[in-house]
Amino acid sequence: MDVTNVNNPEYYHKVVDCQYACPAHTPVPEYIRLIAAGKYTEAYMVNWESNVFPGVLGRTCDRPCEPACRRGRVEEEPVAICRLKRVAADHKGSIKHLMPAIPDQKNGKRVALIGGGPASLTVARDLAPLGYDVDLYDDQQKGGGMMRSQIPSFRLPAEVLDEEVNQITDLGIKTHFNTRVESLREVMAKGYDAVFVGTGAPKGKDLEMPGRHDASGHIHIGIQWLASVAFEHIHTIGKKVIVLGGGNTAMDCCRTARRLGGEEVKVVVRSPFAEMKASPWEKEDAMHEDIPIIDNHVPKQFVIEDGKMKGVLFEKVSPVYEDGKRKLKPTGEPDVLIEADDVLIAIGQENTFPWIERDLGLEFDQWGMPVINPVNFASTLPGVFFGGDAALGPKNIITAVAQGHEAAISIDLYCQGKDLSQRLEPRTKIQSTKMGIHEWSYDNGVAADLRYAVPQADKEETLRDRKKEVELGFDLKTAFREAQRCFNCDVQTVFTDNKCIECDACMDICPTSCITFTNNEEEESVLRQKLLVPALNMEQDLLVSGPLKTGRVMVKDEDVCLHCGLCAERCPTAAWDMQKYLYNTAKAGHHCYV
Amino acid sequence: MSYSKPVFHHPNLTKNALGYTKKDYEGSLSTLCAGCGHDSISAAIVEACFELNIEPHRVAKLSGIGCSSKTPAYFLNNSHGFNSVHGRMPSIATGANLANRDLIYLGVSGDGDTAAIGMGQFCHVIRRNLNMIYVVMNNGCYGLTKGQDSATADKGSIAKAGNMNPFEGIDLCSLAIELGATFVAQSFSGDKSQLIPILQAAMSHKGFALVNVISPCVTFNNNNGSTKSYDYVREHNESMGRIDFVPIGEEITTQYADDEVKEVKFHDGSELLFHKLRKDFDPENKIEVINAIQNARSKNEILTGILYLDRHGVELNDLLNTTAVPLNQLTEKELCPGSSMLDEINQGYR
Numbered sequence: 001m002d003v004t005n006v007n008n009p010e011y012y013h014k015v016v017d018c019q020y021a022c023p024a025h026t027p028v029p030e031y032i033r034l035i036a037a038g039k040y041t042e043a044y045m046v047n048w049e050s051n052v053f054p055g056v057l058g059r060t061c062d063r064p065c066e067p068a069c070r071r072g073r074v075e076e077e078p079v080a081i082c083r084l085k086r087v088a089a090d091h092k093g094s095i096k097h098l099m100p101a102i103p104d105q106k107n108g109k110r111v112a113l114i115g116g117g118p119a120s121l122t123v124a125r126d127l128a129p130l131g132y133d134v135d136l137y138d139d140q141q142k143g144g145g146m147m148r149s150q151i152p153s154f155r156l157p158a159e160v161l162d163e164e165v166n167q168i169t170d171l172g173i174k175t176h177f178n179t180r181v182e183s184l185r186e187v188m189a190k191g192y193d194a195v196f197v198g199t200g201a202p203k204g205k206d207l208e209m210p211g212r213h214d215a216s217g218h219i220h221i222g223i224q225w226l227a228s229v230a231f232e233h234i235h236t237i238g239k240k241v242i243v244l245g246g247g248n249t250a251m252d253c254c255r256t257a258r259r260l261g262g263e264e265v266k267v268v269v270r271s272p273f274a275e276m277k278a279s280p281w282e283k284e285d286a287m288h289e290d291i292p293i294i295d296n297h298v299p300k301q302f303v304i305e306d307g308k309m310k311g312v313l314f315e316k317v318s319p320v321y322e323d324g325k326r327k328l329k330p331t332g333e334p335d336v337l338i339e340a341d342d343v344l345i346a347i348g349q350e351n352t353f354p355w356i357e358r359d360l361g362l363e364f365d366q367w368g369m370p371v372i373n374p375v376n377f378a379s380t381l382p383g384v385f386f387g388g389d390a391a392l393g394p395k396n397i398i399t400a401v402a403q404g405h406e407a408a409i410s411i412d413l414y415c416q417g418k419d420l421s422q423r424l425e426p427r428t429k430i431q432s433t434k435m436g437i438h439e440w441s442y443d444n445g446v447a448a449d450l451r452y453a454v455p456q457a458d459k460e461e462t463l464r465d466r467k468k469e470v471e472l473g474f475d476l477k478t479a480f481r482e483a484q485r486c487f488n489c490d491v492q493t494v495f496t497d498n499k500c501i502e503c504d505a506c507m508d509i510c511p512t513s514c515i516t517f518t519n520n521e522e523e524e525s526v527l528r529q530k531l532l533v534p535a536l537n538m539e540q541d542l543l544v545s546g547p548l549k550t551g552r553v554m555v556k557d558e559d560v561c562l563h564c565g566l567c568a569e570r571c572p573t574a575a576w577d578m579q580k581y582l583y584n585t586a587k588a589g590h591h592c593y594v
Numbered sequence: 001m002s003y004s005k006p007v008f009h010h011p012n013l014t015k016n017a018l019g020y021t022k023k024d025y026e027g028s029l030s031t032l033c034a035g036c037g038h039d040s041i042s043a044a045i046v047e048a049c050f051e052l053n054i055e056p057h058r059v060a061k062l063s064g065i066g067c068s069s070k071t072p073a074y075f076l077n078n079s080h081g082f083n084s085v086h087g088r089m090p091s092i093a094t095g096a097n098l099a100n101r102d103l104i105y106l107g108v109s110g111d112g113d114t115a116a117i118g119m120g121q122f123c124h125v126i127r128r129n130l131n132m133i134y135v136v137m138n139n140g141c142y143g144l145t146k147g148q149d150s151a152t153a154d155k156g157s158i159a160k161a162g163n164m165n166p167f168e169g170i171d172l173c174s175l176a177i178e179l180g181a182t183f184v185a186q187s188f189s190g191d192k193s194q195l196i197p198i199l200q201a202a203m204s205h206k207g208f209a210l211v212n213v214i215s216p217c218v219t220f221n222n223n224n225g226s227t228k229s230y231d232y233v234r235e236h237n238e239s240m241g242r243i244d245f246v247p248i249g250e251e252i253t254t255q256y257a258d259d260e261v262k263e264v265k266f267h268d269g270s271e272l273l274f275h276k277l278r279k280d281f282d283p284e285n286k287i288e289v290i291n292a293i294q295n296a297r298s299k300n301e302i303l304t305g306i307l308y309l310d311r312h313g314v315e316l317n318d319l320l321n322t323t324a325v326p327l328n329q330l331t332e333k334e335l336c337p338g339s340s341m342l343d344e345i346n347q348g349y350r
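Those sequence lines, one after another, are chains L and F. The opening position of the first sequence corresponds to residue 1 in the working numbering, with each subsequent residue numbered one higher. The opening position of the second sequence corresponds to residue 1 in the working numbering, with each subsequent residue numbered one higher.
In short, the hints are calculated from the structure, not lab data. Treat each hint with caution, since some may be false.
Claimed, not checked - Pairs of lysine-lysine residues, derived as BS3-like cross-links and limited to a Cα-Cα distance of at most 27 Å, are as follows:
(1) 146/F x 499/L
(2) 499/L x 276/F
(3) 459/L x 277/L
(4) 5/F x 530/L
(5) 276/F x 549/L
(6) 174/L x 205/L
(7) 530/L x 160/F
(8) 15/F x 549/L
(9) 240/L x 300/L
(10) 146/F x 434/L
(11) 530/L x 276/F
(12) 14/L x 5/F
(13) 5/F x 477/L
(14) 434/L x 5/F
(15) 15/F x 530/L
(16) 434/L x 530/L
(17) 240/L x 190/L
(18) 5/F x 580/L
(19) 549/L x 160/F
(20) 333/F x 499/L
Note that this is a predicted model, so its numbers are computed, not measured.
Kindly generate the complete structure, drawing on both the sequences and the hints.
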């Protein structure tokens with residue numbers, strides 16, 4: 001294999017599994033270390049630069065970082081990254097003085113943001129400090145978009161959301177709330193230099209089946225219903241409730257129903273339990289609130305008796321896997337009637353753009369979705385950009401933020417008349433942590449603690465009060481212990497081949513057998529098999545050195561490296577060094593916030 | 001500085017026939033200098049025992065004083081251990097072996113512990129053919145007292161401070177052969193592919209097995225001009241051919257031409273394969289071995305491999321006809337067989 005090119009900024013980035021998996025590439029180990037050091041404000045700002053909504057995401061993120069966490073490959077559970085983020089948000093000091101300065105002298109460019117959700121707010125945050133005049137339009141009375149209308153307060157208190165939305169709107173954003181944009185042409189006629197569409201996926205999917213329209217007062221579309229609850233239009237629900245669907249919206253629906261008077265709330269889902277779309281922890285939380293999840297049940301019809309909702313009839317199925325595809329085959333058992341006073345349909349959501357005129361030159365595909373460049377988020381109409389659920393379909397908040405950053409870069413390039421394909425390089429910094437012969441500026445001891453659970457408020461109490469937050473967050477002592485579970489994967493094992501005397505000390509000491517000195521091979525697959533422990537995780541790279549004095553090479557499998565620094569401590573010539581790598585994705589105008 | 005190893009290990013670590021992983025044969029975190037050759041030897045011992053499926057409680061680690069003699073703390077944490085007086089490891093090993101011949105006695109010593117203060121003990125334990133493995137971690141200097149030349153430093157070798165050693169160095173392998181050792185090997189800490197099968201063969205050999213390992217002292221004796229530096233040993237290493245150790249119960253599957261490989265069977269059924277031995281060298285022919293060593297010395301070569309092997313020597317317990325039962329398992333019945341037995345013995349002297 002060729003010598004690994006560690007000068008490619010993505011090589012070491014990929015070693016930081018959590019950061020690499022995060023759509024916004026938040027420098028996770030960096031802020032976890034700051035939390036361990038009690039520097040909550042600094043930890044918050046590291047987050048804020050990348051993901052804009054640390055307090056919101058510390059409660060609601062889909063956490064793609066956690067399944068990626070290296071710790072999950074050597075023990076049971078990954079680091080509780082998401083809930084540590086909340087610790088930073090909950091315990092930060094004043095950050096007013098740390099907010100970016102907004103220039104008095106504007107750059108003369110005007111940008112309209114349609115929709116006030118996470119994607120638009122991210123664009124606003126990135127562009128305002130560069131001198132843009134930003135107008136934000138939303139039909140709700142406050143910003144936040146789906147974070148406000150779809151995420152229940154018992155998961156995300158309004159104060160937390162308000163704070164983080166206001167942090168952005170306070171950057172001189174001209175907000176136009178309670179203003180529903182009915183025509184893109186009209187917006188464009190106002191002479192904006194660029195328009196950003198961040199209107200989300202606001203249409204909940206309906207379920208057309210017999211009986212759907214016979215008791216429609218008792219059948220609700222999940223996200224619309226959640227919004228009605230959030231905006232206090234709906235206060236009650238029947239005692240028996242069925243939630244159809246297996247995603248996170250279904251989980252929010254069933255738990256909200258429990259708080260509105262639902263006593264027998266059941267989630268009924270077509271797929272097997274393990275294959276449900278909802279995050280495992282959200283399923284756990286629902287079941288903790290005495291909500292059974294009934295899987296492998298396909299709804300057949302709404303059963304109406306005497307004009308009254310009686311329940312839903314289900315066919316029992318079992319999954320059959322053919323050619324890697326799942327099919328649900330009826331088991332032949334009799335259909336099951338589950339009684340219900342109200343039914344919530346949470347089977348997905350869709351984009352809808354009735355307000356975009358089709359003759360503007362903005363191309364739509366056969367599914368009615370705008371054609372968007374997935375790298376620069378431009379539509380086919382110059383000057384109109386998309387982001388968040390509106391761009392490439394429904395995902396999650398952190399993806400919306402990541403797309404917002406990219407769209408902001410594009411808008412900035414566009415307004416300066418530059419080529420949109422010239423993406424900005426990430427900002428990277430690599431620096432030795434060496435403090436003495438065997439001293440490092442990071443805590444390289446590897447804690448054996450198992451994952452700590454986040455305490456929850458009393459169930460009786462939270463079920464009584466819809467707005468009472470269920471999770472209490474880590475106390476600071478537990479937060480420290482949880483933070484210590486982080487391996488510091490951003491502290492890289494950097495190898496300098498011309499310093500190596502091949503004493504084997506690193507290979508002998510490595511607790512996870514990552515390092516092998518061996519003869520090089522042409523084929524990566526052959527080399528992978530030859531290592532002390534064969535490197536079978538193909539998603540993880542090999543670090544291959546240049547030839548050493550004996551003609552062999554050093555090969556390190558990055559897979560389960562604990563970043564404990566023992567290789568460097570046992571190295572007599574400092575051929576190994578532990579170097580902290582900070583990777584920040586570029587923001588519009590190369591602006592730095594921290 | 002780290003004082004303990006992380007508890008985690010690679011999830012795909014293989015297990016041996018006993019169900020142990022290599023981790024189960026490891027010791028505490030070494031406190032030797034970073035890059036010390038001794039740590040590599042410790043790792044080789046771990047690997048050798050793991051591969052041989054040795055139950056850790058069947059090993060007794062014995063050592064004297066010095067950097068080398070600290071190493072038993074860094075391997076086989078689940079084995080017995082005795083850190084003895086400087087240069088007196090052979091006495092302790094002899095006593096222990098006579099008390100219980102069932103254990104594997106792994107003595108670890110250094111060039112000072114062996115060739116200086118312990119020279120007398122070293123000579124006598126060899127001529128008695130005690131059934132043990134005697135590993136010398138040989139770095140040619142006194143690392144624990146800042147690197148003075150030791151008795152095995154070669155004449156003309158230059159120390160870190162620049163002084164040249166004016167005295168003849170003791171060649172432990174020649175001496176051991178002269179004294180009647182039945183297994184003599186020499187290796188290099190930087191070559192585990194050779195060291196591990198040598199250690200395994202030494203553990204399978206019945207009788208005294210010397211494994212002299214050149215083990216560079218990175219702190220005091222890894223400079224230009226030293227004859228025990230990593231670079232010098234690599235440049236002057238004259239390997240006597242690849243060695244394969246085939247443990248008991250495993251079959252030799254590869255076919256070799258007769259002139260390419262020499263097969264040697266140990267009493268326990270394990271086998272040793274010498275590949276591509278030189279025409280004039282047979283490790284079981286003492287005269288050819290001594291010739292080879294002298295020739296190598298005249299050419300400033302360091303011969304490595306299993307240099308000498310005598311499978312017919314009788315080990316000390318058999319020579320003395322001691323009891324096969326460990327002393328701690330003998331009961332009063334065996335130890336005090338009664339007055340009739342006493343009478344019988346007395347009758348024998350009349």
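Going down the list of hints, with the structure as the test:
1. With a CA separation close to 24 Å, the supplied pair residue 146/F and residue 499/L stays within the 27 Å bound.
2. Note on residue 499/L and residue 276/F: the hinted pairing is violated, with a Cα-Cα distance of about 34 Å set against a maximum of 27 Å.
3. Distance hint between residue 459/L and residue 277/L is fulfilled; the C-alpha atoms sit about 25 Å from each other, no more than 27 Å.
4. Between the alpha carbons of residue 5/F and residue 530/L the distance comes to roughly 25 Å, so the proposed pair stays at or under 27 Å and holds.
5. At most 27 Å may separate the alpha-carbon atoms for a hinted pair to count; residue 276/F and residue 549/L meet this at roughly 25 Å.
6. The suggested pairing of residue 174/L with residue 205/L is violated, with an alpha-carbon distance near 33 Å, which exceeds 27 Å.
7. For the hint pairing residue 530/L with residue 160/F, the CA-to-CA distance comes to about 38 Å; that exceeds 27 Å, so the pair is violated.
8. Distance hint between residue 15/F and residue 549/L is unfulfilled; the C-alpha atoms sit about 33 Å from each other, more than 27 Å.
9. The suggested pairing of residue 240/L with residue 300/L holds, with an alpha-carbon distance near 19 Å, which does not exceed 27 Å.
10. Simply put, residue 146/F and residue 434/L have alpha-carbon atoms about 26 Å apart, close enough for the 27 Å limit, and the pair holds.
11. Of the pairs offered as hints, the one joining residue 530/L and residue 276/F holds, with about 25 Å between alpha carbons and a cut-off of 27 Å not exceeded.
12. The hinted pair formed by residue 14/L and residue 5/F meets the criterion: a straight-line CA distance of about 26 Å does not exceed 27 Å.
13. With a C-alpha separation of about 25 Å, the suggested pair residue 5/F and residue 477/L falls inside the 27 Å cut-off, and the hint holds.
14. A distance of roughly 19 Å separates the Cα atoms of residue 434/L and residue 5/F; the hinted pair therefore holds under the 27 Å criterion.
15. Straight-line distance between C-alpha atoms of residue 15/F and residue 530/L comes to about 17 Å, which keeps the hinted pair within the 27 Å bound.
16. Under the criterion of a C-alpha separation no larger than 27 Å, the hint pairing residue 434/L with residue 530/L is inconsistent with the structure, at around 32 Å.
17. Simply put, residue 240/L and residue 190/L have alpha-carbon atoms about 51 Å apart, too far for the 27 Å limit, and the pair is violated.
18. Distance restraint check for residue 5/F and residue 580/L: the Cα-Cα separation of roughly 22 Å lies within the 27 Å cut-off, and the hinted pair is therefore satisfied.
19. Restraint check for residue 549/L and residue 160/F: the C-alpha separation of about 22 Å stays at or below 27 Å, so the hint holds.
20. At roughly 66 Å between alpha-carbon atoms, residue 333/F and residue 499/L are farther apart than 27 Å, so this suggested pair is violated.
The structure does not agree with the numbered hints 2, 6, 7, 8, 16, 17, 20 stated previously, though it agrees with the rest.
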